[in-house]
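Q: What follows is each chain in one-letter form.
Protein chains: 2
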Amino acid sequence: MFKVPDHQVAGHQAGGGKLGPLVDDSGHFYKPLQSDQRGSQELAFYRAFSTDTRIPDHIRKFFPVFHGTKLLEASDGSGLSPHLALEDIVSSRINPCILDAKIGARTWYPQAAEDYLQRCLKKDRETASLELGFRISGLQVHGNKETGVWKPDRTVIQRGSVDETKLTLRKFVSSNPSTDSDIKPDCCFASTVYGGPNGILAQLLVLKSWFEEQTIYHFYSCSVMMVYDKESLLQGKKQGAQIKLVDFAHVIDGKGVIDHNFLGGLCSLIRMISEIVTGPST
Amino acid sequence: MFKVPDHQVAGHQAGGGKLGPLVDDSGHFYKPLQSDQRGSQELAFYRAFSTDTRIPDHIRKFFPVFHGTKLLEASDGSGLSPHLALEDIVSSRINPCILDAKIGARTWYPQAAEDYLQRCLKKDRETASLELGFRISGLQVHGNKETGVWKPDRTVIQRGSVDETKLTLRKFVSSNPSTDSDIKPDCCFASTVYGGPNGILAQLLVLKSWFEEQTIYHFYSCSVMMVYDKESLLQGKKQGAQIKLVDFAHVIDGKGVIDHNFLGGLCSLIRMISEIVTGPST
Numbered sequence: 001m002f003k004v005p006d007h008q009v010a011g012h013q014a015g016g017g018k019l020g021p022l023v024d025d026s027g028h029f030y031k032p033l034q035s036d037q038r039g040s041q042e043l044a045f046y047r048a049f050s051t052d053t054r055i056p057d058h059i060r061k062f063f064p065v066f067h068g069t070k071l072l073e074a075s076d077g078s079g080l081s082p083h084l085a086l087e088d089i090v091s092s093r094i095n096p097c098i099l100d101a102k103i104g105a106r107t108w109y110p111q112a113a114e115d116y117l118q119r120c121l122k123k124d125r126e127t128a129s130l131e132l133g134f135r136i137s138g139l140q141v142h143g144n145k146e147t148g149v150w151k152p153d154r155t156v157i158q159r160g161s162v163d164e165t166k167l168t169l170r171k172f173v174s175s176n177p178s179t180d181s182d183i184k185p186d187c188c189f190a191s192t193v194y195g196g197p198n199g200i201l202a203q204l205l206v207l208k209s210w211f212e213e214q215t216i217y218h219f220y221s222c223s224v225m226m227v228y229d230k231e232s233l234l235q236g237k238k239q240g241a242q243i244k245l246v247d248f249a250h251v252i253d254g255k256g257v258i259d260h261n262f263l264g265g266l267c268s269l270i271r272m273i274s275e276i277v278t279g280p281s282t
Numbered sequence: 001m002f003k004v005p006d007h008q009v010a011g012h013q014a015g016g017g018k019l020g021p022l023v024d025d026s027g028h029f030y031k032p033l034q035s036d037q038r039g040s041q042e043l044a045f046y047r048a049f050s051t052d053t054r055i056p057d058h059i060r061k062f063f064p065v066f067h068g069t070k071l072l073e074a075s076d077g078s079g080l081s082p083h084l085a086l087e088d089i090v091s092s093r094i095n096p097c098i099l100d101a102k103i104g105a106r107t108w109y110p111q112a113a114e115d116y117l118q119r120c121l122k123k124d125r126e127t128a129s130l131e132l133g134f135r136i137s138g139l140q141v142h143g144n145k146e147t148g149v150w151k152p153d154r155t156v157i158q159r160g161s162v163d164e165t166k167l168t169l170r171k172f173v174s175s176n177p178s179t180d181s182d183i184k185p186d187c188c189f190a191s192t193v194y195g196g197p198n199g200i201l202a203q204l205l206v207l208k209s210w211f212e213e214q215t216i217y218h219f220y221s222c223s224v225m226m227v228y229d230k231e232s233l234l235q236g237k238k239q240g241a242q243i244k245l246v247d248f249a250h251v252i253d254g255k256g257v258i259d260h261n262f263l264g265g266l267c268s269l270i271r272m273i274s275e276i277v278t279g280p281s282t
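As you go down the protein sequences, you meet chains G and P in turn. For the first sequence, UniProt numbering assigns the number 1 to the initial residue and increments by one for each residue that follows. For the second sequence, UniProt numbering assigns the number 1 to the initial residue and increments by one for each residue that follows.
Heads up, a few of these hints could be off.
[Said to hold, decoys possible] Derived list of chain P stretches under chain G, where covered just means 3 residues or more per stretch with a C-beta under 8 Å from a C-beta of chain G:
no.: 1; region: 4 to 18
no.: 2; region: 127 to 133
no.: 3; region: 221 to 227
no.: 4; region: 245 to 257
[As the list claims (entries may be wrong)] When the alpha-carbon atoms are kept at most 27 Å apart in a straight line, the in silico BS3-like pairs for lysine-lysine are as follows:
no.: 5; chain 1: P; residue 1: LYS237; chain 2: G; residue 2: LYS166
no.: 6; chain 1: P; residue 1: LYS3; chain 2: G; residue 2: LYS208
no.: 7; chain 1: G; residue 1: LYS122; chain 2: P; residue 2: LYS255
no.: 8; chain 1: G; residue 1: LYS255; chain 2: P; residue 2: LYS208
no.: 9; chain 1: G; residue 1: LYS122; chain 2: G; residue 2: LYS145
no.: 10; chain 1: G; residue 1: LYS208; chain 2: P; residue 2: LYS166
no.: 11; chain 1: P; residue 1: LYS151; chain 2: P; residue 2: LYS237
no.: 12; chain 1: P; residue 1: LYS238; chain 2: P; residue 2: LYS145
no.: 13; chain 1: P; residue 1: LYS61; chain 2: G; residue 2: LYS123
no.: 14; chain 1: P; residue 1: LYS230; chain 2: P; residue 2: LYS61
no.: 15; chain 1: P; residue 1: LYS123; chain 2: G; residue 2: LYS122
no.: 16; chain 1: G; residue 1: LYS255; chain 2: P; residue 2: LYS122
no.: 17; chain 1: G; residue 1: LYS3; chain 2: G; residue 2: LYS255
Just so you know, the hints here were simulated from the structure itself, not pulled from any lab data. From the three backbone atoms N, C-alpha and C, an ideal C-beta is built for every residue, glycine too.
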């Protein structure tokens, strides 16, 4: 009944006796509660957020629905253990294309312990985060028959330079995604996936407006997931592209200040996607 | 002919045999070129920026006019030395009220040397920068006859908590500014200085729009100066409040990415000022 998800592009993965999330056929995604502070912090966030009346509906839809916790046999065989029961964002998609972008130049919060801070800072400097304000943590794209599914190495992707990251964002909406640098991404889904009144760019702009105002939460080390279904797209179906925020183990109280770290990174991502939608396709 | 400026709230100050900027009665402000890399970097910025045709006029006006360099007797008595000749932003004001806000949670750039980075990081953590996305580097306010000029200790101001910084931003537009915590700032100039179609908030929003787009420069450790003249205000004169960007010793090439660090901090400042203009005066 419970199985390892087919389409995970970032985060800890189950399989091979490791601890990771599970899914079932009811459309739920079960994320094991990390045993340290992170688990309790993520659970506390979901509990507070799901009943927080200050969150408008048009923003709430960008967050996975929370269905409480559930005791499940952990994927690493360690026995019954608590899992967050969440909305499975990709279950309804046949050929889901997914991109996970961890937002913010800084993944650590001001009050963080010194060793944690230095570890995060090192990774922010080694990856694209510091320079770009975000890093792509992973992605998969359903290409054409020749290219198949393109799921590049995560450690390479997250260290991408400015130009490489821009190229990856193009490949995400192309029918010919490939690591081969001779193949120029055709960006043939850019206008339908990124563009349009309900496209990813429009959704990111709505999210941005909220981040310019809200001083409730600061989202450190949190990702924007972008999902679209290649199959629906080719058949001209209505099920459009979607963004969802995920990973809330490092959310802290905003204390009356906007989340300038998240907002800055989000604006950087918006600028790059906007360039793809409106700019020349070179 | 050359003298120490009357109204400096941040940065190195001349006087007492120290090196600092000078002014003359022609409306020029002479900033000594720092002898290390910072001096040459700031000069390079002014030279590049003043001839950069990509900068629209409505943005250029937020930068001091650059009049080249001039050899002057340095204020520390060390003899003739090169100075940047800039527009003196406060010379035309009788009783100038000035606030200097250093923008960005991070004052160091990704390529910075390790010791410089650690020194800046330490200061960003000790001051309000990391938490607020900016820190007030200094200010002076012309109060009423009883309070006189309020020019609080810079080291105290820049370490202000969220609430203290919000309070300082209120005091900047009050007729009764004071360090005394029993005196509640009256915010009686908030609507004319911060608000209105040409007020500081409107100017900051224009600047923000540019930062959402521009990928030319990254402004590290740069300040937004806000200036208004108490005298003109009381007499109902037209000379309104003004913002200017200052301090460009750490400007680097944007390399196709927006300045998400500056933009995030700017949005945080905008949010706080907006709260003063539109919110309850408590």
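Q: None of the hints should be skipped; say for each whether it holds.
A: Comparing the hints with the structure gives:
1. With a cut-off of 8 Å between beta carbons, the region 4 to 18 of chain P has 0 residues touching chain G; three or more are needed, and the interface restraint is violated.
2. For a cut-off of 8 Å, the count of residues in the region 127 to 133 of chain P with a CB near a CB of chain G stands at 4, and the three-residue condition holds.
3. For the region 221 to 227 of chain P, the stated coverage by chain G is violated: 0 residues have a C-beta nearer than 8 Å to a C-beta of that chain, whereas at least 3 were required.
4. Under a criterion of three residues with beta carbons nearer than 8 Å to beta carbons of chain G, the stated coverage of the region 245 to 257 of chain P is upheld, 3 such residues being counted.
5. The hinted pair formed by LYS237 (chain P) and LYS166 (chain G) fails the criterion: a straight-line CA distance of about 50 Å is larger than 27 Å.
6. Pair hint LYS3 (chain P) plus LYS208 (chain G) does not hold up; C-alpha atoms about 47 Å apart against a cutoff of 27 Å.
7. Straight-line distance between C-alpha atoms of LYS122 (chain G) and LYS255 (chain P) comes to about 22 Å, which keeps the hinted pair within the 27 Å bound.
8. Annotation: proposed proximity of LYS255 (chain G) to LYS208 (chain P) holds, straight-line Cα distance about 23 Å (limit 27 Å).
9. A C-alpha spacing of about 40 Å is found between LYS122 (chain G) and LYS145 (chain G), which places the hinted pair above 27 Å, so the restraint is violated.
10. Distance check on the hinted pair: LYS208 (chain G) and LYS166 (chain P) sit about 23 Å apart at the alpha-carbon level, within 27 Å; holds.
11. The hinted pair formed by LYS151 (chain P) and LYS237 (chain P) meets the criterion: a straight-line CA distance of about 25 Å does not exceed 27 Å.
12. At roughly 23 Å between alpha-carbon atoms, LYS238 (chain P) and LYS145 (chain P) fall within 27 Å of each other, so this suggested pair holds.
13. Of the pairs offered as hints, the one joining LYS61 (chain P) and LYS123 (chain G) is violated, with about 39 Å between alpha carbons and a cut-off of 27 Å exceeded.
14. Under the criterion of a C-alpha separation no larger than 27 Å, the hint pairing LYS230 (chain P) with LYS61 (chain P) is consistent with the structure, at around 22 Å.
15. Of the pairs offered as hints, the one joining LYS123 (chain P) and LYS122 (chain G) holds, with about 18 Å between alpha carbons and a cut-off of 27 Å not exceeded.
16. Taking the CA atoms of LYS255 (chain G) and LYS122 (chain P), the gap is about 22 Å. The hint holds against a cut of 27 Å.
17. Pair hint LYS3 (chain G) plus LYS255 (chain G) does not hold up; C-alpha atoms about 40 Å apart against a cutoff of 27 Å.
Hints 1, 3, 5, 6, 9, 13, 17, counting from the list given before, are not met by this structure.
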